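Asker: For the record, the sequence lines run as chains A and B.
Under this note's numbering, the residues of the first sequence are numbered 46 to 288, in order.
Under this note's numbering, the residues of the second sequence are numbered 254 to 451, in order.
It is worth saying that the hints were derived from the structure and are not from the lab.
Just so we're clear, the structure is a prediction, and the values are computed from it rather than from any experiment.
Every residue, glycine too, gets a C-beta built ideally from N, C-alpha and C.
Worth double-checking, as some hints may not be accurate.
As the list claims (entries may be wrong) - Selected chain A positions facing chain B (Cβ under 8 Å, derived; list incomplete): (1) L67; (2) L71; (3) A99; (4) R111.
Stated by the list, open to error - What the simulated footprint calls covered on chain B by chain A, stretch by stretch (three residues with Cβ under 8 Å from a Cβ of chain A suffice, anywhere in the stretch; the number is not a length): (5) 275–288; (6) 345–355; (7) 383–391; (8) 403–411.
Said to hold, decoys possible - With a Cα cut of at most 30 Å, we get these calculated DSS-like pairs of lysine-lysine: (9) K132(A) to K376(B); (10) K305(B) to K132(A); (11) K119(A) to K132(A); (12) K119(A) to K354(B).
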Amino acid sequence: MAASSLNLARRPFVNRRPVARLAIALWIIALAVTLADIGLYAHYAAGSRDRRQALSSAQTRLSQDRSAIQQLQKAAEFQGLRQYNAKVDYLNSLITARTFPWGRLFDRLGEVMPAGVRLRRLTPRLGAAPEGDGQAADDKAGAADAATNDSGPLDPASSAIRPVGLHLDGTAQSDQALYAFVDALFQAPDFDNPVLAREAESGSGQTFSMSVTYLTSVGASQTAPAGGESDENEAAQAAGGSR
Amino acid sequence: MSLRRHPWRELWYYWVPPLVILVFATSLLVVYRSEYAARGSRLERQIESVRKQAERVGAQRRQLEAMRDARQRSVQAEQVFYSQRLGRRADRLTDVLREVKDLAGRAGIRPSSIQYSTQVDRKHEVERVGLSFSVEGSFAQLRTFIHLLGVSDSFLVLEDVNLTQGNPAATRLRIQLRLATYFAAGPEEAASVAEGAG
Chain A
46 MAASSLNLAR RPFVNRRPVA RLAIALWIIA LAVTLADIGL YAHYAAGSRD RRQALSSAQT
106 RLSQDRSAIQ QLQKAAEFQG LRQYNAKVDY LNSLITARTF PWGRLFDRLG EVMPAGVRLR
166 RLTPRLGAAP EGDGQAADDK AGAADAATND SGPLDPASSA IRPVGLHLDG TAQSDQALYA
226 FVDALFQAPD FDNPVLAREA ESGSGQTFSM SVTYLTSVGA SQTAPAGGES DENEAAQAAG
286 GSR
Chain B
254 MSLRRHPWRE LWYYWVPPLV ILVFATSLLV VYRSEYAARG SRLERQIESV RKQAERVGAQ
314 RRQLEAMRDA RQRSVQAEQV FYSQRLGRRA DRLTDVLREV KDLAGRAGIR PSSIQYSTQV
374 DRKHEVERVG LSFSVEGSFA QLRTFIHLLG VSDSFLVLED VNLTQGNPAA TRLRIQLRLA
434 TYFAAGPEEA ASVAEGAG
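Okay, chain A solo, but in the shape it has when bound (with noise of 0.2 Å):
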């Protein structure tokens, strides 16, 4: 046991290896992760700076259309508008009223009054909300319209079916024909709730009042259309754009 503490060596062995081969490890290790701080410290800073652009810029885009809202809302353009929309629905009210196709009426009234009714008095509400249901005057509207759709192409400004009021005085033969006239204005696509207001018996028979909404194309005419008549109707969309 004596000779294995002898050394006879200039300079006691000492085993470094252990400790030069952690911290060769330890080097390669800090460095590595020194890399990847730099790294991503670098690109941190780099993305920041794009960001805080990136957001200068819509700040800044946001801003300018604040700015540019508060100035259009100053424009003369949007002063006045209930009065000017109101204005507007007042000169669609006239067009709507002189493209009223009259011709078409005629022929769809007479095609559902039954023998024995005539008419003497026919006054539309133009302009004027029609009296009734509006759920249905609109349901029917909705089926009229899909019907007229499905005869083929149509011009856009006919296309839409708006209600108007129609006041109607007349006479029937009996009160059995005038009722055939109240069922046939139910039934009929282009007409919605019929109100018959009153009947009297006459000489000639029953005289009678009622109130019908007609569900018109807005813009057409009955027949070719004249060219102030399509002046018209882009005058009225041109006038409705507005809202």
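Dock chain B against the given chain A, drawing on the hints supplied.
Answerer: What follows is chain B alone, placed relative to chain A:
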């Protein structure tokens, strides 16, 4: 002897510097993960939020611009409608009256008398001239007259049709019609009509 026993302690300068650097670099990594990465995400979210806001406001701006353009077109159309379709009463009244009589003549019916009425709508800057007259004729003539009114270039509106002496047996009917035509009524026209009415 001590070196042989404690080489780690004696050779500390081998491994302590890389260890210190490693600890420092790792702490930097942890700080980056916990702070800077979160900061970047926050910035991303902020950018996204501002972008969405900018898109919304931009859409609002485009909508307002479209509305402004539509209003400008509408005002132009309105001016054209007033000046060309309606026109001034002084310029068009007698032409319209002549045309109504001409159309009635072409349909084979001729009004013996016409009642006129004038109303000024200052709010809408429109003047309405109503024409009421009775004619005798057949239903076919009435249809022809209504058709001619419809295709006329004048701004004529048929407001009411009344068969005042309708007789189921008769072929000729007495028909009362109410027509209206409209003129542009600017402030000057409205004042002159009001004076005339007064």
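Asker: Does the nearest C-beta of chain B fall within a distance shorter than 8 Å of the C-beta of R111(A)?
Answerer: holds (6 Å)
Asker: Counting residues of the region 275–288 of chain B whose CB is closer than 8 Å to a CB in chain A, do you get three or more?
Answerer: holds (count 6)
Asker: Under the criterion of a CB-CB separation shorter than 8 Å, is L67(A) in contact with chain B as hinted?
Answerer: Holds. Min distance 5 Å.
Asker: Is it true that the CA of K132(A) sits at most 30 Å from the CA of K376(B)?
Answerer: Holds, at about 8 Å.
Asker: Measure nothing beyond the straight line between the CA atoms of K119(A) and K354(B); if it is 30 Å or shorter, mark the hint as holding.
Answerer: This hinted pair is violated, its Cα atoms lying about 50 Å apart.
Asker: Just to make sure I understand the rule, a stretch counts as covered if three or more of its residues have a C-beta closer than 8 Å to a C-beta of the chain. Does the region 383–391 of chain B meet that for chain A?
Answerer: violated (count 0)
Asker: Are K119(A) and K132(A) close enough, with their CA atoms no more than 30 Å apart?
Answerer: Status holds; Cα separation ~21 Å.
Asker: Mind checking, does the region 345–355 of chain B have 3 or more residues with a CB under 8 Å from chain A?
Answerer: violated (count 0)
Asker: May I ask you to test the interface hint for L71(A) with respect to chain B, counting a Cβ-Cβ separation under 8 Å as satisfied?
Answerer: With a minimum Cβ separation of about 4 Å from chain B (threshold 8 Å), the hint on L71(A) holds.
Asker: Do the alpha carbons of K305(B) and K132(A) lie within 30 Å of each other, as the hint requires?
Answerer: violated (38 Å)
Asker: Return the status of the interface hint for A99(A): holds when the least beta-carbon distance to chain B is below 8 Å, violated otherwise.
Answerer: At 5 Å from the nearest chain B Cβ, A99(A) passes the 8 Å test, so the hint holds.
Asker: Between the region 403–411 of chain B and chain A, see if three or more residues pass the 8 Å beta-carbon test, and mark the coverage as holds or violated.
Answerer: Since three or more residues must qualify, the claim that chain A covers the region 403–411 of chain B holds, with 9 doing so at under 8 Å.
Hints 6, 7, 10 and 12 from the list above are not met by this structure, while the remaining hints are.
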